[in-house]
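*Asks:* So the chains spell out like this:
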Amino acid sequence: MKFVRSKIAVLALVASAVPAFAGDMGAVKLRNCTWCHGESAQGYGPAPRLAAQRSQYIENQLLSFRTHSRDNPFSKQYMWGAAANLSPRTAHYLAIYFSTLPAKVADDGDKELSAAGRALYEHGNPDSNTVSCAVCHGPNAEGIRGIPRLGGLSYYYLKRKLEQWGEGYDAAAATPMPRIASKLSPNQIEALASYLSFVK
Amino acid sequence: MRVISIRWALLTAVLAIVFSTASQADDRDRTDFSTRGLQAKIEYCKTCHGLSGQGYHGFFPIPRLAGLQTEYIENQLAAFIERRRENKYMYDVAHVLSPATRAALAKHFMGLNAKPLGGAPRKLVAMGKKIYEDGVPETNVPACMACHGSEAKGQAAIPRLAGQLQDYIVNKLVNWNKERGQDPKHPDISAIMLPTSHNLTKSQIAEVAAYVSYLQ
Chain S
0 MKFVRSKIAV LALVASAVPA FAGDMGAVKL RNCTWCHGES AQGYGPAPRL AAQRSQYIEN
60 QLLSFRTHSR DNPFSKQYMW GAAANLSPRT AHYLAIYFST LPAKVADDGD KELSAAGRAL
120 YEHGNPDSNT VSCAVCHGPN AEGIRGIPRL GGLSYYYLKR KLEQWGEGYD AAAATPMPRI
180 ASKLSPNQIE ALASYLSFVK
Chain V
0 MRVISIRWAL LTAVLAIVFS TASQADDRDR TDFSTRGLQA KIEYCKTCHG LSGQGYHGFF
60 PIPRLAGLQT EYIENQLAAF IERRRENKYM YDVAHVLSPA TRAALAKHFM GLNAKPLGGA
120 PRKLVAMGKK IYEDGVPETN VPACMACHGS EAKGQAAIPR LAGQLQDYIV NKLVNWNKER
180 GQDPKHPDIS AIMLPTSHNL TKSQIAEVAA YVSYLQ
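Protein sequence lines, in the order shown, are assigned to chains S and V.
When you line the first sequence up against numbering that gives the first Met the number 0, it's residues 0 to 199, in that order.
When you line the second sequence up against numbering that gives the first Met the number 0, it's residues 0 to 215, in that order.
Source of the hints: derived by calculation from the structure; they are not laboratory data.
Heads up, a few of these hints could be off.
Claimed, not checked - Distance condition first, Cα-Cα at most 30 angstroms in a straight line; then the derived DSS-like pairs of lysine-lysine:
hint : chain 1 : residue 1 : chain 2 : residue 2
1    : S       : K182      : V       : K106
2    : S       : K182      : V       : K45
3    : V       : K87       : V       : K114
4    : V       : K177      : S       : K158
5    : V       : K122      : V       : K152
6    : V       : K129      : V       : K45
7    : S       : K158      : V       : K45
8    : V       : K106      : V       : K122
9    : V       : K128      : V       : K114
10   : V       : K87       : V       : K171
11   : V       : K40       : S       : K158
12   : V       : K152      : S       : K182
13   : S       : K182      : V       : K129
14   : V       : K40       : V       : K152
15   : S       : K199      : S       : K158
16   : S       : K199      : V       : K87
17   : V       : K129      : V       : K87
18   : V       : K87       : S       : K182
19   : S       : K158      : S       : K28
20   : S       : K75       : S       : K103
21   : V       : K106      : S       : K110
22   : S       : K28       : S       : K103
23   : V       : K45       : V       : K87
24   : S       : K199      : V       : K177
25   : V       : K87       : V       : K152
Just need the whole structure built from these sequences, with the hints factored in.
*Replies:* The following block contains the structure:
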């Protein structure tokens, strides 16, 4: 009973935070997100943390699930269905809501790879024509506008996302990422994912 | 004796053919390699500067390179390496490039003719055009047109501004004294813009940058 009541309290909070969510519909939509992304949207397994993510990025991703241009296996399995019936307005408010939640740092990478990951993140590798991640994602991996925050996301999610571009998924993304990530070696991917999982 | 000399002649001819073929193959390998190497470098530049060199809005505004003069691009790449121009990302990129590669990259980007990326507030354009063409006499701002040209296509080491990203130009003019001319022992052409960057107000900078960002 206490459990149920706390859920209701959370939903009420959400409804008051984003006016468009006032009413049952908004609460139901939100509950559909938090089943997998977690009550405070800190992410779980393959479902990434949404808390403190850039709202424009979340909104763009919801749209790309609807149009099926984001097509990696988990997106297909879970997010295509989840986003299919979201109105653009609901997607917009969900994105704003999640972007305002405080984020916890995943802290789950390999500490020994962190320094190498940081060097690659900041400098790229000019000899092998690998660009610096910081130029677009920001010096502290904070993201901007439609470019996602990467700092503190989970090692597992970051690693899989980077690998998926190399496997040919999400190739329609209108960003340079498919071209960049498909050239990264497994070691470079592990190092980057480790470093980023520790960034506050 | 005659037989021997014919043999020698044959042997010499065969050897000559073998060696010349081998050296041709070497040359071809070298050419292929440098063409491939250059192509990879061009793609590397375009990862951030856009597939048509049109620029990109990353965390930092990444400038348009399409149609920029070779002299300007080469001078800037040298400035990154010599720390006359402060930019840690471009230092990383540029310091491994040979002068010949820099020249080839500059030539490639000068030859591109991408559409402007756009995105600047249209309402600033009219005022920006006035500043671009007339300057701001009361604060000693000369007409931009005088050096950058009536169509903002630039000349020699003075950059083309047509189609350049508005936020990039704003960012540069606001930070001119912190990024350009950073080696006092080796002053460069960037000194020309220093007084003007001080004399323009922030809103004037935004206006003039919006104007040129839409020029084709």
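*Asks:* Could you run down the list of hints and mark each one as holding or not?
*Replies:* For each hint, the structure was consulted:
1. K182/S / K106/V: Judged against 30 angstroms, a Cα distance of about 26 angstroms means the pair holds.
2. K182/S / K45/V: holds, 15 angstroms
3. K87/V / K114/V: Between K87/V and K114/V the Cα gap is close to 28 angstroms, so the pair holds against 30 angstroms.
4. K177/V / K158/S: violated, 37 angstroms
5. K122/V / K152/V: holds, 23 angstroms
6. K129/V / K45/V: violated, 33 angstroms
7. K158/S / K45/V: holds, 25 angstroms
8. K106/V / K122/V: violated, 35 angstroms
9. K128/V / K114/V: holds, 19 angstroms
10. K87/V / K171/V: Distance ~15 angstroms between K87/V and K171/V Cα, so the pair holds.
11. K40/V / K158/S: Status holds; Cα separation ~26 angstroms.
12. K152/V / K182/S: Violated - the C-alpha atoms of K182/S and K152/V are around 36 angstroms apart, more than 30 angstroms.
13. K182/S / K129/V: Measuring from Cα to Cα gives roughly 47 angstroms; hence the hint is violated.
14. K40/V / K152/V: holds, 25 angstroms
15. K199/S / K158/S: holds, 18 angstroms
16. K199/S / K87/V: holds, 22 angstroms
17. K129/V / K87/V: Judged against 30 angstroms, a Cα distance of about 35 angstroms means the pair is violated.
18. K87/V / K182/S: Holds, because 23 angstroms separates the two Cα atoms, which is no more than 30 angstroms.
19. K158/S / K28/S: holds, 28 angstroms
20. K75/S / K103/S: Roughly 27 angstroms between the alpha carbons, so the hint for K75/S and K103/S holds.
21. K106/V / K110/S: With Cα atoms ~44 angstroms apart, K106/V and K110/S exceed 30 angstroms; violated.
22. K28/S / K103/S: holds, 23 angstroms
23. K45/V / K87/V: Holds, at roughly 18 angstroms.
24. K199/S / K177/V: At roughly 28 angstroms apart (the allowed maximum being 30 angstroms), K177/V and K199/S satisfy the hint.
25. K87/V / K152/V: holds, 28 angstroms
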